[in-house]
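**Student:** Spelled out, the chains give:
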Amino acid sequence: MKTLLLATLALGFVPAASAQFNFGKLSQGLDTLKDVGKVAKGAAKIGPEEEKVIGDSVALEIISRNGGLVHDEEITRRVNLVGRAVARYSARPDAAWRFGVLDSPAINAFSAPDGYVLLTRGLYDLADSDDALAAVLGHEIAHITKRHALSIVERGEFLSGVTNIASKQSGNVQQVQAQLKQFDLGIEKIISTLFEKGFDPQTEYEADREGRSLATTTGYAPDGLKNVLTALEKKGAGPQPIFSTHPPLKERIKRL
Amino acid sequence: MKPPLSRWLIILLAAIAGAAVLEAAVVVGTTVYAKRFETNLLTQPQPLAPSSAKVTTGRKLRVDEVRGNWLRVSDAGTSGWVFAGNVSDVKPVEIKGVDGLPIAASKTTATAAGRPLTQAAEDYATRRNIGNARSDLEWLLQQARTVSDDDVQKFLQEQKKGEFQ
Numbered sequence: 001m002k003t004l005l006l007a008t009l010a011l012g013f014v015p016a017a018s019a020q021f022n023f024g025k026l027s028q029g030l031d032t033l034k035d036v037g038k039v040a041k042g043a044a045k046i047g048p049e050e051e052k053v054i055g056d057s058v059a060l061e062i063i064s065r066n067g068g069l070v071h072d073e074e075i076t077r078r079v080n081l082v083g084r085a086v087a088r089y090s091a092r093p094d095a096a097w098r099f100g101v102l103d104s105p106a107i108n109a110f111s112a113p114d115g116y117v118l119l120t121r122g123l124y125d126l127a128d129s130d131d132a133l134a135a136v137l138g139h140e141i142a143h144i145t146k147r148h149a150l151s152i153v154e155r156g157e158f159l160s161g162v163t164n165i166a167s168k169q170s171g172n173v174q175q176v177q178a179q180l181k182q183f184d185l186g187i188e189k190i191i192s193t194l195f196e197k198g199f200d201p202q203t204e205y206e207a208d209r210e211g212r213s214l215a216t217t218t219g220y221a222p223d224g225l226k227n228v229l230t231a232l233e234k235k236g237a238g239p240q241p242i243f244s245t246h247p248p249l250k251e252r253i254k255r256l
Numbered sequence: 001m002k003p004p005l006s007r008w009l010i011i012l013l014a015a016i017a018g019a020a021v022l023e024a025a026v027v028v029g030t031t032v033y034a035k036r037f038e039t040n041l042l043t044q045p046q047p048l049a050p051s052s053a054k055v056t057t058g059r060k061l062r063v064d065e066v067r068g069n070w071l072r073v074s075d076a077g078t079s080g081w082v083f084a085g086n087v088s089d090v091k092p093v094e095i096k097g098v099d100g101l102p103i104a105a106s107k108t109t110a111t112a113a114g115r116p117l118t119q120a121a122e123d124y125a126t127r128r129n130i131g132n133a134r135s136d137l138e139w140l141l142q143q144a145r146t147v148s149d150d151d152v153q154k155f156l157q158e159q160k161k162g163e164f165q
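As you go down the protein sequences, you meet chains A and B in turn.
Under our numbering, the first residue of the first sequence carries the number 1, and numbering increases by one thereafter.
Under our numbering, the first residue of the second sequence carries the number 1, and numbering increases by one thereafter.
Any given hint might turn out to be false.
Claimed, not checked - Selected chain A positions facing chain B (in silico; Cβ < 7 Å):
hint	residue
1	Lys52
2	Ser57
3	Ile63
The set of hints was computed from the structure by calculation and includes no laboratory data.
Backbone N, C-alpha and C fix where the C-beta goes; we use that ideal spot for every residue, glycine too.
Could you put the whole structure together from the sequences, leaning on the hints where they help?
**Tutor:** So, in structure tokens, the structure goes:
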């Protein structure tokens, strides 16, 4: 699976041809992209407007790489109700929380900035109680409130080479393309962490602790996540990858 | 029929354990901060009690009393009860980007969650040739719009979660 993911990444991030750009529609987005560059270079935090653009783009990639979304209104409503209930007591209760189920048999969950939480059908089926579902969603909510994905680019060099390019004013096509390319590279950096490298173990343990605390505060069983992970450990390795980019199950269970 | 003593004991221990989780972090005399766009302080430690005041994100509050999951808080003439999950012992970080907007700018989750895709992300989908993912995401945003803040409140009430535990 990892090999497959690597291959997908390699193919997926070939720079897009400029012929595909719709310059007429770009002006709105470019303000934000230019600003993202300024933010990153100045070591300032990425603000809400930039976070929306980054979050949307990362969510698009997650969906694209995991078989699309399950278009089941009942399931989607359930995950949104449980997810929004848990997120309500998070550090960002008023954020734009959206929860969906990916049409993949793998067992995994992902989050993207600006409140996107997406879990696979494999994990949704396994989390057969609200306690278990709340625990899984709580973990991903914690990744967002702790800005784990955004810290990848905040710590790094997101758009560092193209700051303060006044492309909108100049209308310079090459500058526009350079900005877009750098933006895409920033998204790639996040995606690479989500699908290939994974967050570092301490970040995952932090999300486990925070997610457990959130679920408990909301009134769900404190051992929800531990039970899910234990069930997975007992189930053992199967044809589908299990939390392939997370620390070993045994260690996560031990720390919960 | 009265429940057996052992059941009462279990209930009591569970209540103590639940309260201990929160009280471990929040004790009388400490400071907490409102983290919602608007938080109602209530006249009693009950979710549907009348509101005595409203405070906004980041408002510093002193904890005067802890009763289970509820805290009686005050600040400069404002006081009332709040569910512990609605405040934080860490001051919310108001992150402002070059857009100058704070992170908690949206008044309700439902409004924010239902927003359309950003233009830049639509362009990104075009560049990356992932139109199907874009359609899926737009479907999800449409679904998110159908879950109102009132729906979540009703869900919490029915499931006896959050303030309704």
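**Student:** Run every hint past the structure and note whether it holds.
**Tutor:** Tested hints:
1. Interface hint status for Lys52 of chain A: upheld, as the beta-carbon distance to the closest one in chain B is roughly 5 Å, under 7 Å.
2. About 5 Å separates the beta-carbon of Ser57 of chain A from the nearest beta-carbon of chain B, less than 7 Å, and the hint is met.
3. About 4 Å separates the beta-carbon of Ile63 of chain A from the nearest beta-carbon of chain B, less than 7 Å, and the hint is met.
Every hint, counting from the list given before, is met by this structure.
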